[in-house]
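Protein sequences, first through last, are from chains G and W. Position 221 of the first sequence, counted from 1, bears residue number 286 in the working numbering, the numbering being contiguous throughout. Position 130 of the second sequence, counted from 1, bears residue number 192 in the working numbering, the numbering being contiguous throughout.
Possibly wrong hints are sitting among the right ones.
[Stated by the list, open to error] Derived lysine-lysine pairs resembling DSSO-like cross-links, with alpha carbons at most 27 angstroms apart: (1) W:303 to G:150; (2) W:73 to G:71; (3) G:317 to G:294.
None of these hints come from the bench; they were simulated from the model.
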Amino acid sequence: MEVNRKIHKQISKIKLRLYFILLAKFLILTLILSFLVVSAVLIVSKFYPIYITVKGIYYTVIGFLISSFLISLFFIPSDNSCARKADSLGLNERTITALELREVNTSFALLVKEDALEHLSRFNIKKKLLFNISKRYLAAFGILIPLVVVLYIIPNPMSTRALQKHDLNIAKKEEVKKIAKLEKDLKGNSKLDQWKKTELLNKLEDLKKEVKFSKKENDINKALQKSEKKLQVMKNNYTDENLNKVIEALKKNDSTKGIADLLKNGDKEKAKKEINKLSQSLKNMTPTQQKELADALSKLAEEIKNNKELQDALLSAANSMKNLDVSGLDGELSELSNNISKLMEDSEFNSAINELSKQMAQAENDLQNESTSQSQSGGSGEDGGTISGSQGQKAGNNSNSGTASGNNGNGGSGGTAGGSGTDLGQENPNVTQTPNSGNGIGKKQDSEKKIGDYEKIFTSKNLGGDSEKSQITGQKSSSGSSSVTKSNESNSVRGDLVPYNSVIGEYKKSAQNSVENDVIPDNMKDIVKDYFTSLED
Amino acid sequence: METNNIVIDEKSIKEISENIKRVEEEIGKAIIGQKDIVRQVIIGILCGGNILLEGVPGLGKTQLVKTLSKVMELSFSRIQFTPDLMPVDVSGTNIIKRDDSGNSEFEFQKGPIFSNLVLADEINRATPKTQSALLEAMQEGTVTVGRMTYSLPQPFMVLATQNPIEMEGTYPLPEAQLDRFLFKLNVKFPSFEELKNIVNITVTNNTVDLEKVISGETILKMRKITREVPMASSVQEYALKIVMATHPENEASPEIAKKYIRFGASPRAAQAIISTSKIKALMEGRYNVSFDDIKYVAYPALRHRIFLNYDANSDGIKEDDIIAQILDMK
Chain G
66 MEVNRKIHKQ ISKIKLRLYF ILLAKFLILT LILSFLVVSA VLIVSKFYPI
116 YITVKGIYYT VIGFLISSFL ISLFFIPSDN SCARKADSLG LNERTITALE
166 LREVNTSFAL LVKEDALEHL SRFNIKKKLL FNISKRYLAA FGILIPLVVV
216 LYIIPNPMST RALQKHDLNI AKKEEVKKIA KLEKDLKGNS KLDQWKKTEL
266 LNKLEDLKKE VKFSKKENDI NKALQKSEKK LQVMKNNYTD ENLNKVIEAL
316 KKNDSTKGIA DLLKNGDKEK AKKEINKLSQ SLKNMTPTQQ KELADALSKL
366 AEEIKNNKEL QDALLSAANS MKNLDVSGLD GELSELSNNI SKLMEDSEFN
416 SAINELSKQM AQAENDLQNE STSQSQSGGS GEDGGTISGS QGQKAGNNSN
466 SGTASGNNGN GGSGGTAGGS GTDLGQENPN VTQTPNSGNG IGKKQDSEKK
516 IGDYEKIFTS KNLGGDSEKS QITGQKSSSG SSSVTKSNES NSVRGDLVPY
566 NSVIGEYKKS AQNSVENDVI PDNMKDIVKD YFTSLED
Chain W
63 METNNIVIDE KSIKEISENI KRVEEEIGKA IIGQKDIVRQ VIIGILCGGN
113 ILLEGVPGLG KTQLVKTLSK VMELSFSRIQ FTPDLMPVDV SGTNIIKRDD
163 SGNSEFEFQK GPIFSNLVLA DEINRATPKT QSALLEAMQE GTVTVGRMTY
213 SLPQPFMVLA TQNPIEMEGT YPLPEAQLDR FLFKLNVKFP SFEELKNIVN
263 ITVTNNTVDL EKVISGETIL KMRKITREVP MASSVQEYAL KIVMATHPEN
313 EASPEIAKKY IRFGASPRAA QAIISTSKIK ALMEGRYNVS FDDIKYVAYP
363 ALRHRIFLNY DANSDGIKED DIIAQILDMK
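All chains should be modelled from the sequences, with the hints used to inform the complete structure.
Here it is, written out as structure tokens:
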């Protein structure tokens with residue numbers, strides 16, 4: 066009906082007006098609330114480091130306003146409530162009665178509707194439905210706005226700390242994100258065994274936790290470095306050097322060339338099958354060829370390092386071939402194929418580790434670059450973490466002697482020299498500094514007595530070359546032998562105080578070289594290896 | 063739209079408002095002041111109810127009824143209730159009449175109640191037996207004498223009066239009878255200006271010529287039409303809540319009701335409020351009932367239907383005070 070439509074149109078106008086009044090009230094209240102929240106945060110920030118910017122305040126207020134607008138959508142007035150509102154302003158229930166008689170077409174109903182429409186048309190919405198801001202709200206604005214301005218302008222003693230905390234949180238988030246990406250990539254790697262994947266994921270999880278709980282950027286760096294070291298240790302357990310040697314050895318023989326290609330391509334299953342079928346191929350070989358293959362396998366067994374099982378499998382297979390023991394050969398070849406396929410898994414494993422290490426190193430670099438640029442622009446530079454790191458990279462390149470000065474906290478009172486230790490000279494390897502004797506060279510400053518921190522050690526700049534004279538202080542032990550040499554030359558010690566984790570890699574490599582080249586006595590080799598491994602943990 | 067052969071159209075609806083206005087104006091010529099009383103009596107007539115007027119003597123109650131009868135072309139009779147008044151004095155009785163041939167037979171002589179408008183003056187002075195003679199007439203519109211029931215002329219309305227001063231030797235109307243009155247109106251003493259005008263009219267040779275505005279038949283038509291006035295559900299609920307609030311046992315009743323009311327209003331109160339508010343709306347030129355209409359008719363419809371306890375009497379609380387608080391509740 067036309068009159069119904071017209072009444073509805075009039076009510077819609079009232080509805081719109083009422084909604085805008087309601088929305089305005091919501092927004093005003095929200096503004097007041099947001100200013101209250103901002104004021105409270107600004108006050109708290111004077112006592113507790115909270116990172117606040119104008120942008121942050123702006124977004125907070127905008128966020129409140131948007132929420133308020135969205136909430137107001139749930140309070141759009143209904144037709145009935147609009148009708149009642151209009152009636153309460155002088156229409157004497159004409160509108161609400163007309164609405165209820167929407168479906169009724171009697172004479173009375175029509176009269177009621179026309180009467181209601183006439184009055185609604187004359188109803189001055191803007192004059193009757195006024196938008197008034199309450200004086201209380203104006204007073205609240207009058208107090209809160211200047212308060213926020215004043216609180217923002219007042220110098221904040223916590224601002225530097227807040228900025229540092231903020232930067233640290235950003236760095237942490239970035240690192241955690243990167244680690245999460247690494248985890249995702251790792252999970253998507255279908256070539257790895259589940260248990261190896263789990264091992265790597267656990268390492269990444271530990272790294273994530275360490276990063277999350279880091280209190281300084283330096284801690285993040287340390288966590289990354291620590292994880293890198295752990296990964297290297299894992300890698301060393303699963304080296305693919307041996308696989309390359311196997312491939313090279315198998316390539317040289319025509320009957321095993323195909324297997325070598327399969328191994329190179331990563332086709333584990335096919336390679337396994339071919340190896341198992343080798344016993345059949347052997348029947349077609351001449352004795353000379355069989356002997357050649359057996360010799361190649363024996364030689365290969367000698368070259369294989371750190372993998373006794375593979376060595377044994379190769380030797381067994383070689384012996385069976387030499388003895389022409391075809392029946393026993395099947396079993397040996399099966400064992401060999403298992404070990405070789407394990408190698409291939411390890412290869413995948415190593416690739417995964419390499420990738421992870423690369424990503425971590427990249428993350429470390431990015432973090433250090435950020436720290437450097439911040440320290441240049443007056444940013445954070447706590448404990449000289451960046452500086453010590455770069456020094457660590459410079460130090461320990463040549464000399465293989467140095468004095469380690471320890472400090473209490475982690476018990477790492479490293480009085481023993483790093484590097485290969487060949488030119489320790491007059492120093493008694495048994496002389497160590499006691500934990501509390503912090504009088505030595507390169508006494509660590511700003512020491513923090515926390516377990517797990519990398520202590521700073523003094524290292525000369527020419528690791529690996531001729532040793533220099535260096536000074537060791539400490540208390541002479543009653544056990545062991547000692548000798549004293551007096552010199553008229555003054556000791557000049559060159560070097561830097563660096564965290565030991567930045568030089569331990571070089572020292573370990575140097576030590577391993579010495580172990581492999583028989584520089585160190587045989588019975589000491591394991592001890593040296595274990596020692597450097599434990600330093601990394 | 064037709065309701066029992068009465069066509070309800072826009073014209074007939076609009077005529078009602080005009081007629082009521084004209085009646086009010088005409089009555090205003092003879093009755094000075096008492097605008098509310100006149101309005102409420104007109105509402106009572108149009109609603110088909112009976113009205114109880116309470117006021118001191120000499121306020122023009124009889125004059126009002128006489129004026130009404132002239133303006134509305136209705137027959138009028140006045141019954142002065144005294145303690146010795148008998149029921150047959152009200153309803154009529156059978157008397158023996160000898161016809162020309164010498165035969166005797168009973169003939170019913172109608173009593174004064176057989177008028178459109180009956181003024182029952184000082185109704186509380188008559189005995190309950192005589193008062194009850196009015197009950198049937200007020201409720202049913204009929205009178206039963208012996209075995210015969212006689213219909214009263216329509217429209218029929220009883221306007222009973224009470225004197226609030228002389229309560230000695232009176233028979234207060236019982237609650238059941240009070241409930242049969244649509245409205246109870248308190249007639250107040252006129253103001254100085256009103257009194258001046260009354261005197262100017264009544265103690266001079268000036269006469270007031272009253273014109274007939276509507277007839278009894280028109281009143282019956284108007285009654286039917288006014289029943290069709292629509293009422294929004296929220297307005298109706300408001301009216302019903304008011305009646306419910308007069309009951310002290312109701313949880314939603316205001317504290318004053320719970321403290322001072324002994325008995326609350328009956329459902330007749332709700333009927334009275336709703337039916338009279340429709341007429342009030344038309345009188346205002348509206349075609350729908352509003353909250354203001356409900357509030358207007360609530361006082362005369364409820365004040366004789368709520369019965370106060372001793373606490374109210376001792377604290378000097380009146381029915382209108384309680385009704386005011388009930389109307390203010392949300």
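Here is how each hint holds up against the structure:
| no. | hint | in the structure |
| --- | --- | --- |
| 1 | W:303 to G:150 | 21 angstroms, holds |
| 2 | W:73 to G:71 | 23 angstroms, holds |
| 3 | G:317 to G:294 | 36 angstroms, violated |
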